[in-house]
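Undergrad: Sequence:
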Amino acid sequence: CRNRRQLSIINKSIAKTNTRYTAERSLVGSMALLIIVAMTHFHIVAEDDSEWRQIMNELKEEDRVLYNMVQYFHGNKPLCVRPHDLMFSADDETDFICEDVQPDM
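Letter 21 of the sequence shown, counting from 1, is numbered 21 in our numbering, and no numbers are missing.
Hints in this document: simulated from the structure, not taken from any laboratory. Please note that the accuracy of each hint is not assured.
As the list claims (entries may be wrong) - Listed next, with one range per pair, are the computed distances between beta-carbon atoms:
| id | residue 1 | residue 2 | range |
| --- | --- | --- | --- |
| 1 | T19 | I55 | 38 to 48 Å |
| 2 | S50 | P83 | 12 to 22 Å |
| 3 | T17 | K77 | 13 to 23 Å |
| 4 | T17 | S50 | 46 to 56 Å |
| 5 | K60 | R20 | 29 to 39 Å |
| 6 | M31 | E58 | 24 to 34 Å |
| 7 | V45 | Y21 | 15 to 25 Å |
| 8 | V28 | W52 | 43 to 53 Å |
| 9 | I35 | L59 | 13 to 23 Å |
| 10 | E62 | M31 | 11 to 21 Å |
| 11 | T22 | D48 | 13 to 23 Å |
Think of the CB as a built atom: it goes at the ideal place given N, C-alpha and C, for glycine as much as any other residue.
Could you build all of it, start to finish, from the sequences and the hints given here?
TA: Okay, structure coming up:
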């Protein structure tokens, strides 16, 4: 095997690292995460819950944007938030399931 001067592992590694950094912080990546959160935290219900509707109506419009977008996506069908114990969350190191309201950290 000959040593080729034009081949550089360092240059290829740096380029790949820079590409990965850009992809992880891209607008598309952020939008994909937002869609996953939106689609997994809300679910369609058969009937509109009057208590839930009152809570949603008391929120400011900018605080209801995600809910409104998910509801629009589902054809304006009534939605509700999934119970805390049914929400699955994961990070790079730990998988966990919420068991009721979690304390502020």
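Undergrad: State for each hint whether it applies.
TA: Checked hints:
1. T19 / I55: 38 to 48 Å: At 43 Å between Cβs, range holds.
2. S50 / P83: 12 to 22 Å: 18 Å, holds
3. T17 / K77: 13 to 23 Å: With a Cβ separation near 44 Å, T17 and K77 fall outside 13 to 23 Å, so the hint is violated.
4. T17 / S50: 46 to 56 Å: 53 Å, holds
5. K60 / R20: 29 to 39 Å: 37 Å, holds
6. M31 / E58: 24 to 34 Å: Since M31 and E58 have Cβ atoms about 28 Å apart, the given range 24 to 34 Å holds.
7. V45 / Y21: 15 to 25 Å: Check failed, 41 Å falls outside 15 to 25 Å.
8. V28 / W52: 43 to 53 Å: 32 Å, violated
9. I35 / L59: 13 to 23 Å: 21 Å, holds
10. E62 / M31: 11 to 21 Å: 18 Å, holds
11. T22 / D48: 13 to 23 Å: 43 Å, violated
Taken one by one, the earlier hints fail for this structure at numbers 3, 7, 8, 11, listed in ascending order.
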